[in-house]
Amino acid sequence: MSLDQTTLVSVEDLSLRHGETRVLDRVNLTIRPGEIVTIVGPNGSGKTSLLRAIIGASQPERGQITRQVGLKVGYVPQKLHIDRTMPITVERFLRLPGKATRAACREALETAGVPDLSDRQMSALSGGQFQRVLLARALMEQPDLLLLDEATQGLDQRGSAAFYSRIEEVRRQTGCAVLMISHELHVVMSASDRVICLNGHVCCEGTPEIVASAPEYRALFGTGTGGALALYRHHHDHSHDHGETCDHDHDHEREAG
Amino acid sequence: MLDDFMVRATLAGVGVALAAAPLGCFVVWRRMAYFGDATAHAAILGVALSLALSMSIFAGALVVALLMAVTVSTLSDRGYAMDTLLGVLAHSALAVGLVAVSFISGVRIDLMAYLFGDILAVSKADLLVIWGGAALVVGLIGWRWSALLTATLNTDLAYASGLQPRREQLVLTLSLAITVAVAIKVVGALLIAALLIIPSAAARPLSRTPEGMALVAAGIGTIAAAAGLYGAYLFDTPAGPSIVCVAALGFVLTSLFQAVKASQA
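For the protein sequence lines, the chains are A and B, in the order given. Residue 52 in our numbering sits at position 52 of the first sequence; the count goes up by one each step and never skips. Residue 179 in our numbering sits at position 179 of the second sequence; the count goes up by one each step and never skips.
Just chain B, same shape as in the assembly:
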């Protein structure tokens, strides 16, 4: 079964969607959308480094994404005006990454594969990395779930309950870097943030509790991955962007649902 590239692609997409769902909820709740972008864009620089040092793309992307995530997280703790700073960091990281890739001689690199993903080329080994990373992210967030929620609501409430909000923030930072590293192959650096935010945002109108929202987001992400791939196959469109399009369609539908519900109330 795993010999079929479509099956491998679907499994890869679903794996990333499952990790992105709970993490994406925190990205939405904490208004970290740009934070996700900066981390994902930095991963391109990681790809360049991996190619230069001929090491695994996953490891390179993970290290650079982690560095970026920790930097951004530290700066925001110190109270910098984040909007501009994140814009500078995100786009500089992407630009530097692109320039760095062009310096690497001897390898003909298909840049598009890293910017928009190359999900149809996912190997069995890639699958192992993706599902391993996804399991780690879901495990980490699941383990710290209540603490993370409390710290997200209000850091002082977390302190009063004997928690350390900064440590919880680190869990999210680490999860974000892992998700970026495993998702690069699936949707590419440019659309990782979309995969984090759109299913969670689409899940919001259908949810009454934080747990509910994470589960619905996982469902929407899974459907988007499967339907997006099928659509890409059917219409011969790029796979990563097709997945994001289906997720966006889901967002439009649930938003309409909310509007209708509100007008009836």
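One chain only, chain A, in its complex shape:
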């Protein structure tokens, strides 16, 4: 199946297992050019597994993932540990595995907001610099789709706010779509066009406003996390119409507090 120009990636009916555990259950998702989509969900809800499936790092149990022909993906992984035994400068890291020029490296570093790091060793960077270099590498080949897996891990609040505004800027400049995972709900809600609430299955999705007031979302995250939306309280039960039940434990503690 090939995709038309208005879809970059289409995930259909995707189920995924890690050993005995089913981590994704019939997930559907499409990413269109230029949109910022955020996946939220508790730990172990399959967010990273979904991103890894999209880059082709895991074999689905069922369902399929279709990428637009020639789709260029920039990926910022959740964790990247560079062994101390490997000497590598920022510039050399940026040029892996492609054959980019020095000028392209400088440009990507500038776009990512760290213009002066070219000759530094990767191991000598601070957490924030490291994240920005990862972003710069993801931007190197002018991706159509940027995948960010908790890219602001280890940044302080100001740092992560700056990081997300940088992402929006990148989108404006290059027109790439962004699919990201984040735990920082307040930031995410304001920066996304669309939010997908994941917990093994897609609980709910839509604009940030719609998702934030959806009972499924509130069941997962409580009412205290939506900033101003927290005023809006909502108690409920919820169930999904899946053939198989997906075992998920919705955390109601925050609602009580």
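It should be emphasised that the hints constitute simulated quantities derived from the structure, not laboratory data. Think of the CB as a built atom: it goes at the ideal place given N, C-alpha and C, for glycine as much as any other residue. Take the hints with a grain of salt, since some may be wrong.
Unchecked claim - Facing chain A, according to a computed beta carbon distance under 8 angstroms, are these residues of chain B, among others: (1) Val28; (2) Ala147; (3) Asn154; (4) Leu157; (5) Tyr159; (6) Ser207; (7) Pro210; (8) Gly212; (9) Leu215.
As the list claims (entries may be wrong) - Listed below are the simulated DMTMM-like cross-link pairs for lysine to aspartate or glutamate, each with C-alpha atoms no more than 20 angstroms apart in a straight line: (10) Lys99/A x Asp119/A; (11) Lys79/A x Asp156/A; (12) Lys99/A x Glu211/B; (13) Lys124/B x Asp4/B; (14) Lys261/B x Asp119/A.
With chain A held as given, fit chain B onto it using these hints.
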């Protein structure tokens, strides 16, 4: 010139050092030191088989080393606890190999030659095999260099760039088996891993890029091979271990250099 056994020995040592340098860097970066040991030790079993079937030692060592390398690589992919398992495999392979050699009757075998190498007995034909194997290893790793580096840094980054990390791993596995097979004559099964790891580890403090580290490791390996042989000739010491001693000395020196640099910074 090639009629001089010292010249042949030096050329053999340098050939192995050149192949071991880039491969050794990956062994260090990927923490595969024990992996190298297991593969090298298994080669003794290959030697035994070659003698029993009267085929070339190189071919026998290559086949068994390759089998071991693929086995270990597959097991580690499946997430086995590798530390213990590698210890079991490495030493069992060595023990089984030694026992197997003792069963071979009719040939009086100098086991020491396969455990510690017999570099002074390298023939012109051996040289051809060693340099052929070394060229193959350097060619393979050079061809896949960027992909290998990316997959070594992070497999998901490799996937996102459209690479297949498992295929790249296979390149290293194959290179390791070839290097073991050609190095058996030079340093012997017990010290092959040393030749992989020590020059690369010694090169680390002097390098700023992965490419730099591979080149410096090749330089250190070459110097170790030449100086080690010369030392062996001068002091009448075993050649293979002498080469490793010089490499180890290089490691001590560059580590000191790093310590001094760090204390000044």
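Hinted pair, alpha-carbon criterion (20 angstroms max): Lys79/A, Asp156/A. Please report holds or violated. 17 angstroms, holds
Can we keep the Leu215/B interface hint, with Cβ of chain A closer than 8 angstroms? Because about 12 angstroms separates Leu215/B from the closest Cβ in chain A, which is outside the 8 angstroms limit, the hint is violated.
Does the nearest C-beta of chain A fall within a distance shorter than 8 angstroms of the C-beta of Ser207/B? 4 angstroms, holds
Sort out whether Asp119/A lies within 20 angstroms of Lys99/A, counting only the CA atoms. Holds, because 17 angstroms separates the two Cα atoms, which is no more than 20 angstroms.
Hinted pair, alpha-carbon criterion (20 angstroms max): Lys124/B, Asp4/B. Please report holds or violated. Roughly 10 angstroms separates the two Cα atoms, so the pair holds.
Hint Tyr159/B vs chain A: min CB-CB distance below 8 angstroms? 4 angstroms, holds
Starting from Lys99/A, check that the Cα of Glu211/B is at most 20 angstroms away, please. Holds. Lys99/A to Glu211/B sits at ~14 angstroms (cutoff 20 angstroms).
Using Cβ atoms only, decide whether Pro210/B comes closer than 8 angstroms to chain A, and label the hint accordingly. 6 angstroms, holds
Can the hint on Leu157/B be confirmed by a CB-to-CB distance to chain A that is less than 8 angstroms? 6 angstroms, holds
Restraint satisfaction for Gly212/B [CB to CB of chain A, less than 8 angstroms]: 7 angstroms, holds
When the nearest CB of chain A is found for Ala147/B, is that gap smaller than 8 angstroms? This interface hint holds because 5 angstroms falls under the 8 angstroms limit.
Pairwise hint evaluation, Asp119/A against Lys261/B, where the allowed Cα distance is 20 angstroms at most: Roughly 18 angstroms between the alpha carbons, so the hint for Lys261/B and Asp119/A holds.
In the structure shown, a violation is registered for the earlier hint numbered 9 alone.
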